[in-house]
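K.L.:
Each protein sequence line maps, in turn, to chains D and U. Residue numbering for the first sequence follows the numbering used here, starting at 1 and increasing by one per position. Residue numbering for the second sequence follows the numbering used here, starting at 1 and increasing by one per position.
Treat the hints with care, since some could be wrong.
[Stated by the list, open to error] Simulated coverage check for chain D against chain U, where a stretch passes if three residues somewhere in it have a Cβ under 8 Å from a Cβ of chain U:
(1) 32 to 45
(2) 257 to 266
(3) 293 to 307
(4) 311 to 324
[Unchecked claim] Covered stretches of chain U (chain D as the covering partner; in silico rule of three or more C-beta atoms under 8 Å from a C-beta of chain D):
(5) 1 to 14
(6) 43 to 51
(7) 69 to 81
Hints are computed from structural coordinates only; laboratory data are not their basis. Note that the Cβ used here is the ideal one computed from N, Cα and C, for glycine as well.
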Amino acid sequence: MGRVSRYSALALLRGALTGQRHWDRAWRDPAPRKSYDVLIIGGGGHGLSTAYYLASVHGITNVAVLEKGWIGGGNTGRNTTIVRSNYRQPALHNFFDFALGLWEGMSDELNFNVMFSPRGAMFLGHSDSDMTALAQRGDALRCDGIDAELLTRAQVAALVPLLDMSPSARFPVHGGLTQRRGGTARHDAVAWGYARAADTLGVDIIQNCEITGFTTTGGRVTGVETTRGPIGAGRVGICVAGNSGPVAALAGIELPIEAQTLQAFVTEPVKPMIDTVIMSQSLHCYISQSDKGGIVLGGDPDQFPSYAQRGLPPRLEKTAAEAIALVPALSRLRMVRCWSGTTDMSFDGSPIISALPVDGLYLNGGWCYGGFKATPGSGYAYATLLATGEPHALARPFGLDRFASGATIDEAGVGPMPQLR
Amino acid sequence: MLLIDCPHCGPRAQSEFAYDRTLDAIVQLAMVPSDAMTTLYTRANPRDWSDELWHHRSGCRTWLVVRRQTVTHAIESVRAC
Ligand SMILES: Cc1cc2nc3c(=O)[nH]c(=O)nc-3n(C[C@H](O)[C@H](O)[C@H](O)COP(=O)(O)OP(=O)(O)OC[C@H]3O[C@@H](n4cnc5c(N)ncnc54)[C@H](O)[C@@H]3O)c2cc1C
Ligand SMILES: [Zn+2]
Numbered sequence: 001m002g003r004v005s006r007y008s009a010l011a012l013l014r015g016a017l018t019g020q021r022h023w024d025r026a027w028r029d030p031a032p033r034k035s036y037d038v039l040i041i042g043g044g045g046h047g048l049s050t051a052y053y054l055a056s057v058h059g060i061t062n063v064a065v066l067e068k069g070w071i072g073g074g075n076t077g078r079n080t081t082i083v084r085s086n087y088r089q090p091a092l093h094n095f096f097d098f099a100l101g102l103w104e105g106m107s108d109e110l111n112f113n114v115m116f117s118p119r120g121a122m123f124l125g126h127s128d129s130d131m132t133a134l135a136q137r138g139d140a141l142r143c144d145g146i147d148a149e150l151l152t153r154a155q156v157a158a159l160v161p162l163l164d165m166s167p168s169a170r171f172p173v174h175g176g177l178t179q180r181r182g183g184t185a186r187h188d189a190v191a192w193g194y195a196r197a198a199d200t201l202g203v204d205i206i207q208n209c210e211i212t213g214f215t216t217t218g219g220r221v222t223g224v225e226t227t228r229g230p231i232g233a234g235r236v237g238i239c240v241a242g243n244s245g246p247v248a249a250l251a252g253i254e255l256p257i258e259a260q261t262l263q264a265f266v267t268e269p270v271k272p273m274i275d276t277v278i279m280s281q282s283l284h285c286y287i288s289q290s291d292k293g294g295i296v297l298g299g300d301p302d303q304f305p306s307y308a309q310r311g312l313p314p315r316l317e318k319t320a321a322e323a324i325a326l327v328p329a330l331s332r333l334r335m336v337r338c339w340s341g342t343t344d345m346s347f348d349g350s351p352i353i354s355a356l357p358v359d360g361l362y363l364n365g366g367w368c369y370g371g372f373k374a375t376p377g378s379g380y381a382y383a384t385l386l387a388t389g390e391p392h393a394l395a396r397p398f399g400l401d402r403f404a405s406g407a408t409i410d411e412a413g414v415g416p417m418p419q420l421r
Numbered sequence: 001m002l003l004i005d006c007p008h009c010g011p012r013a014q015s016e017f018a019y020d021r022t023l024d025a026i027v028q029l030a031m032v033p034s035d036a037m038t039t040l041y042t043r044a045n046p047r048d049w050s051d052e053l054w055h056h057r058s059g060c061r062t063w064l065v066v067r068r069q070t071v072t073h074a075i076e077s078v079r080a081c
């Protein structure tokens, strides 16, 4: 029986007779070629989706993704997988909603089950002013045709019966704002699905290949130095999340980005108890239940620069305390794992998808603690930039020049102080 | 958790302190606007040793210069500024 690479129920049935030994590997393991039209540095979801859209939308297939470790081993594989588009500012919500549209068709398009689960993404309001802010946000979203539903206290109670609604609740719930199209997805599958689809179109995915320098001629990038030798390139796209600073520094560029640690943790698996994503307008604590049953929890970053990928206990304690105050039943669960990723905290909290001051060199970064939800849109827009040299219409506000011009997109309004965000 | 040796209070838990910015991000009053903007809005963001401004916020309130490694979290020196 021939090797099979298309996933389907029929192929699975066929394999039942042969012990499922007929499957092809999901992507090749090629040695790097001498040069490529486009090199993408960083094999996270963003880099891999960029490669996929370069090939599928722009027909540019002489592309390699260079990853220093294994694909999806960065923040893509470390995040709490919340997908939504309900930001306050139009530049953000229009961009993220474009991404959300791509999430909805992703499993079909990639022929890979990314387990996108639109179970709703809800912000809780704990005071009158929270509810005012949520109503304003909802109005802003609906003005742009994006779904947002303001919920009363009773509606929230019906949606999440385990919330503490008692008169003595530490964080009283006044209501909420939900986006029913939001939800979660399987993070590893997103990396693998894009990798497999890009590979099928001819993209080389090269792991264990760290970029250690850039080569330039006359102010134009001509390639990169790597731990697997030099590789030439027409254009180079940096897409390394928390490592944006050190990689840009290899080209002598300083960015409006500071690296911080963000942690998450998960409890032992239990039967379904929370079937929507819970966030809060006042707390930085987010709660969801994975398809395996573990309760996934995340909170604030450790608020100082770090590349340790190892967080500090006080953050976990604070997040757990908030989560337990919201959903007291969580106090009975054991935490089984905690982990961290290095986030690229930009100086207005919004992403940067932009040309850099070196010709042929581009940056996709500054996603802070919220770039997983952007994965398909980020790749789509970055592919447009890398293919045409012109920004995608929805990504135009996210140029590097906005910090000098003052047109920053700052949802929290705290400026170049990421630790306050 | 970091243990930061405040010259005034002695070794204290990091949760008493607040990070402010790296030393090279301090805007001087004499700077022209374009230099002030670059100082405030770009960072070396080193994956290495870094000189940082911290505040002993829940302690003696001294501003401190902390020389710290951003991968290992080792602290080489802490001095009042
Ligand atoms: C704990 C945590 C929770 C989060 N929760 C959410 C959430 O719920 N929702 C949401 O939308 N976002 C969330 N995020 C943010 C989200 O994970 C990131 O914004 C997103 O994954 C970034 O994707 P990426 O592909 O750019 O980065 P990554 O997946 O980090 O990929 C970058 C890759 O670049 C590689 N690399 C680095 N340097 C080099 C080099 N020199 N040479 C070659 N390769 C290099 C790295 O090894 C890495 O694999 C969270 C982040 C963390 C850490
Ligand atoms: Zn002190």
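K.L.:
Each hint: holds or not?
P.N.:
For each hint, the structure was consulted:
1. 32 to 45: violated (count 0)
2. 257 to 266: That given contact holds, which follows from 3 residues of the stretch 257 to 266 of chain D lying within Cβ reach (below 8 Å) of chain U.
3. 293 to 307: As far as the stretch 293 to 307 of chain D goes, the hint holds, because 5 residues have Cβ atoms under 8 Å from chain U.
4. 311 to 324: It holds, with 3 qualifying residues against the three required.
5. 1 to 14: holds (count 3)
6. 43 to 51: That given contact holds, which follows from 6 residues of the stretch 43 to 51 of chain U lying within Cβ reach (below 8 Å) of chain D.
7. 69 to 81: holds (count 4)
Consistency note: the structure conflicts with earlier hint 1 alone.
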